[in-house]
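Asks: Residues per chain, in single letters:
There are 2 protein chains.
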Amino acid sequence: MKLATLKNATRDGKLVVVSRDLSRYVVVDAIANTLQQALDNWSEVAPQLEEISNELNEGEREDAAIFEAELCESPLPRAYQWADGSAYVNHVELVRKARGAEIPESFWTDPLMYQGGSDDFIGPRDDIQLPSDDWGVDFEAEVAIITDDVPMAIDAKDAGKHIKLLMLVNDVSLRGLIPGELAKGFGFFQSKPASAFSPVAVTPDELGDHWRDNKVHLPLLSEYNHNAFGKPQAGEDMTFDFAQLIAHAAKTRNLGAGAIIGSGTVSNKQGTEYGTSIVEGGVGYSCIAEVRMIETIRDGKPTTEFMRFGDHIKIDMQDESGNSIFGSIDQTVVKVAN
Amino acid sequence: MKLATLKNATRDGKLVVVSRDLSRYVVVDAIANTLQQALDNWSEVAPQLEEISNELNEGEREDAAIFEAELCESPLPRAYQWADGSAYVNHVELVRKARGAEIPESFWTDPLMYQGGSDDFIGPRDDIQLPSDDWGVDFEAEVAIITDDVPMAIDAKDAGKHIKLLMLVNDVSLRGLIPGELAKGFGFFQSKPASAFSPVAVTPDELGDHWRDNKVHLPLLSEYNHNAFGKPQAGEDMTFDFAQLIAHAAKTRNLGAGAIIGSGTVSNKQGTEYGTSIVEGGVGYSCIAEVRMIETIRDGKPTTEFMRFGDHIKIDMQDESGNSIFGSIDQTVVKVAN
Numbered sequence: 001m002k003l004a005t006l007k008n009a010t011r012d013g014k015l016v017v018v019s020r021d022l023s024r025y026v027v028v029d030a031i032a033n034t035l036q037q038a039l040d041n042w043s044e045v046a047p048q049l050e051e052i053s054n055e056l057n058e059g060e061r062e063d064a065a066i067f068e069a070e071l072c073e074s075p076l077p078r079a080y081q082w083a084d085g086s087a088y089v090n091h092v093e094l095v096r097k098a099r100g101a102e103i104p105e106s107f108w109t110d111p112l113m114y115q116g117g118s119d120d121f122i123g124p125r126d127d128i129q130l131p132s133d134d135w136g137v138d139f140e141a142e143v144a145i146i147t148d149d150v151p152m153a154i155d156a157k158d159a160g161k162h163i164k165l166l167m168l169v170n171d172v173s174l175r176g177l178i179p180g181e182l183a184k185g186f187g188f189f190q191s192k193p194a195s196a197f198s199p200v201a202v203t204p205d206e207l208g209d210h211w212r213d214n215k216v217h218l219p220l221l222s223e224y225n226h227n228a229f230g231k232p233q234a235g236e237d238m239t240f241d242f243a244q245l246i247a248h249a250a251k252t253r254n255l256g257a258g259a260i261i262g263s264g265t266v267s268n269k270q271g272t273e274y275g276t277s278i279v280e281g282g283v284g285y286s287c288i289a290e291v292r293m294i295e296t297i298r299d300g301k302p303t304t305e306f307m308r309f310g311d312h313i314k315i316d317m318q319d320e321s322g323n324s325i326f327g328s329i330d331q332t333v334v335k336v337a338n
Numbered sequence: 001m002k003l004a005t006l007k008n009a010t011r012d013g014k015l016v017v018v019s020r021d022l023s024r025y026v027v028v029d030a031i032a033n034t035l036q037q038a039l040d041n042w043s044e045v046a047p048q049l050e051e052i053s054n055e056l057n058e059g060e061r062e063d064a065a066i067f068e069a070e071l072c073e074s075p076l077p078r079a080y081q082w083a084d085g086s087a088y089v090n091h092v093e094l095v096r097k098a099r100g101a102e103i104p105e106s107f108w109t110d111p112l113m114y115q116g117g118s119d120d121f122i123g124p125r126d127d128i129q130l131p132s133d134d135w136g137v138d139f140e141a142e143v144a145i146i147t148d149d150v151p152m153a154i155d156a157k158d159a160g161k162h163i164k165l166l167m168l169v170n171d172v173s174l175r176g177l178i179p180g181e182l183a184k185g186f187g188f189f190q191s192k193p194a195s196a197f198s199p200v201a202v203t204p205d206e207l208g209d210h211w212r213d214n215k216v217h218l219p220l221l222s223e224y225n226h227n228a229f230g231k232p233q234a235g236e237d238m239t240f241d242f243a244q245l246i247a248h249a250a251k252t253r254n255l256g257a258g259a260i261i262g263s264g265t266v267s268n269k270q271g272t273e274y275g276t277s278i279v280e281g282g283v284g285y286s287c288i289a290e291v292r293m294i295e296t297i298r299d300g301k302p303t304t305e306f307m308r309f310g311d312h313i314k315i316d317m318q319d320e321s322g323n324s325i326f327g328s329i330d331q332t333v334v335k336v337a338n
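Residue numbers (the UniProt record's numbering), protein chains in the order written: chain A, 1 to 338; chain B, 1 to 338.
Keep in mind that a hint or two might mislead.
Chain copies aren't distinguished; within one or between two, either way the pair holds.
With a straight-line cut-off of 25 angstroms between C-alpha atoms, the simulated BS3-like cross-links for lysine-lysine are [unchecked claim]: (1) K157 with K335; (2) K251 with K335; (3) K215 with K157; (4) K7 with K314; (5) K335 with K97; (6) K161 with K251; (7) K161 with K215; (8) K164 with K269; (9) K7 with K301; (10) K335 with K7.
These aren't lab readings, by the way, just hints derived from the structure by calculation.
Please put together the full structure from these sequences, using the hints given.
Replies: Here it is in structure tokens:
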């Protein structure tokens with residue numbers, strides 16, 4: 001089943017069921033007005049939405065309309081919980097290596113995770129609006145899951161069943177603000193502005209065999225200014241799977257229905273020390289920071305610039321036939337109007 | 001105007017208007033079902049709620065029922081944004097001093113703030129449920145505000161007008177988990193479990209002259225295991241006022257209606273180096289950690305223990321006549337059932 005949230009006059013948009021090929025949608029307001037409402041009552045609502053999804057995919061819904069990703073909010077335009085892991089420890093090691101630091105051994109056994117802000121997500125085709133492009137604007141291509149209610153202190157082996165939906169994420173980061181914030185000791189705040197999610201959220205079964213071991217086994221595609229930039233395998237080098245990330249997040253708290261948990265920047269080692277770019281025959285990267293780290297390690301200093309107003313990022317994931325699974329995130333950095 | 005959220009069968013509870021003396025309430029579902037709904041449409045909804053509030057305070061509402069804080073959720077049982085400042089820099093200085101570290105000069109000009117989790121707040125009279133009491137369980141008594149929509153990059157001088165409601169907070173902290181999490185560099189996550197808020201949220205005008213300069217000028221009262229523990233003035237030693245905290249939070253993001261921003265642990269220097277306890281004639285403290293810091297600085301090691309299952313904390317704020325303004329937070333630490 002594939003779900004999306006269309007923009008309307010409300011803050012939470014309108015829930016729709018989208019066909020597998022992303023061509024059509026059906027309004028489901030008789031079942032749930034919003035995705036949060038559906039998640040609040042998932043065990044009752046999901047089977048009803050599945051039924052509509054089946055009818056839609058079999059061409060049996062005469063009320064289906066043309067689906068356009070441009071009309072979408074993020075599936076949850078605002079959420080109660082957005083916790084972003086950093087499960088690809090290669091990414092973390094690379095960032096540290098560039099400044100000559102080793103990562104603590106515990107990073108391989110204890111997940112890194114930060115508490116994100118969730119009151120104002122960006123639509124998947126909306127501009128990334130910021131007051132300045134002097135802050136080292138970067139994208140981070142990630143996978144995320146949405147849970148139902150997760151009880152406190154859940155064991156990782158029981159956590160996988162709480163994964164109800166999958167999405168892609170652009171976890172926008174302001175690299176220039178990160179060192180100062182982390183030095184203060186309270187983690188990210190200003191350095192992690194609003195994130196964007198893929199137009200469509202899908203149930204794990206939509207991925208077939210590509211969803212296993214609580215990981216997505218497909219390449220995550222990033223195109224920067226319309227050039228291929230990254231295609232790492234999301235299922236490789238993911239040190240902590242989504243069930244482990246849920247268990248980490250829920251160690252001392254319940255997670256409410258609709259909690260979003262991110263994978264962190266997808267990053268592959270590719271049998272080399274830190275991976276290679278697509279131009280060099282590798283699988284590339286899911287953020288600019290990694291390229292700059294490579295440049296720093298190799299050349300002593302970074303040469304690739306961070307994003308400026310007008311720069312564009314596209315994030316997508318495709319099936320074997322090249323069809324987009326979630327619809328693509330497709331965004332340009334612009335100066336905020338106010 | 002005073003507002004509360006009564007428990008019902010839903011996740012967001014039922015919005016009610018409460019009388020100034022906290023004795024009676026009126027259901028307002030013809031205007032808004034939930035506090036979030038009211039905040040989403042505040043400019044339209046607030047005047048209608050004010051009208052009911054006036055009638056209720058003048059004894060003109062025959063539909064008024066007896067108000068009991070025990071039946072309350074936190075005013076927002078779940079929220080889209082919970083950003084907690086640390087505006088009483090004395091508190092931060094004390095924590096650092098105890099481990100022999102100076103605070104950076106920038107801490108006096110650049111607010112500390114962490115991104116809290118907001119999907120599962122505790123009711124003001126509900127137990128603090130945790131899997132273990134070996135993690136250094138502590139309360140933190142604070143004041144918080146709720147905003148309407150705040151645009152990105154707002155100037156502090158324009159931010160005060162976005163403060164719509166005030167509450168008290170118990171920002172539960174797990175001190176034993178903090179050093180490990182902060183060492184990882186991503187800030188608090190497991191060390192900040194669910195927070196609780198006062199039964200009632202009030203508009204700033206309810207505080208009269210005690211609300212000025214975007215600060216609350218009244219003592220914040222903490223009672224630990226039924227003994228007076230703290231009564232610091234929330235208006236003193238608050239290095240950053242709530243307008244400055246809003247501007248800090250909104251530097252790179254919009255804040256959605258219903259965003260909660262906390263003051264951080266209220267802490268007074270009291271003309272001494274780090275304050276003194278109530279027993280010693282001072283205004284005491286708003287968390288156990290501060291007492292332990294004092295003990296460490298004075299005696300070389302802390303002697304006061306953190307909270308254990310069965311320990312109790314009450315947080316309140318009263319007017320000149322000793323009447324509770326927000327209703328009290330009143331909680332016991334217990335082992336989580338599951």
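Asks: Which of the stated hints cannot be reconciled with the structure, identified by number in ascending sequence?
Replies: 5, 8 and 9
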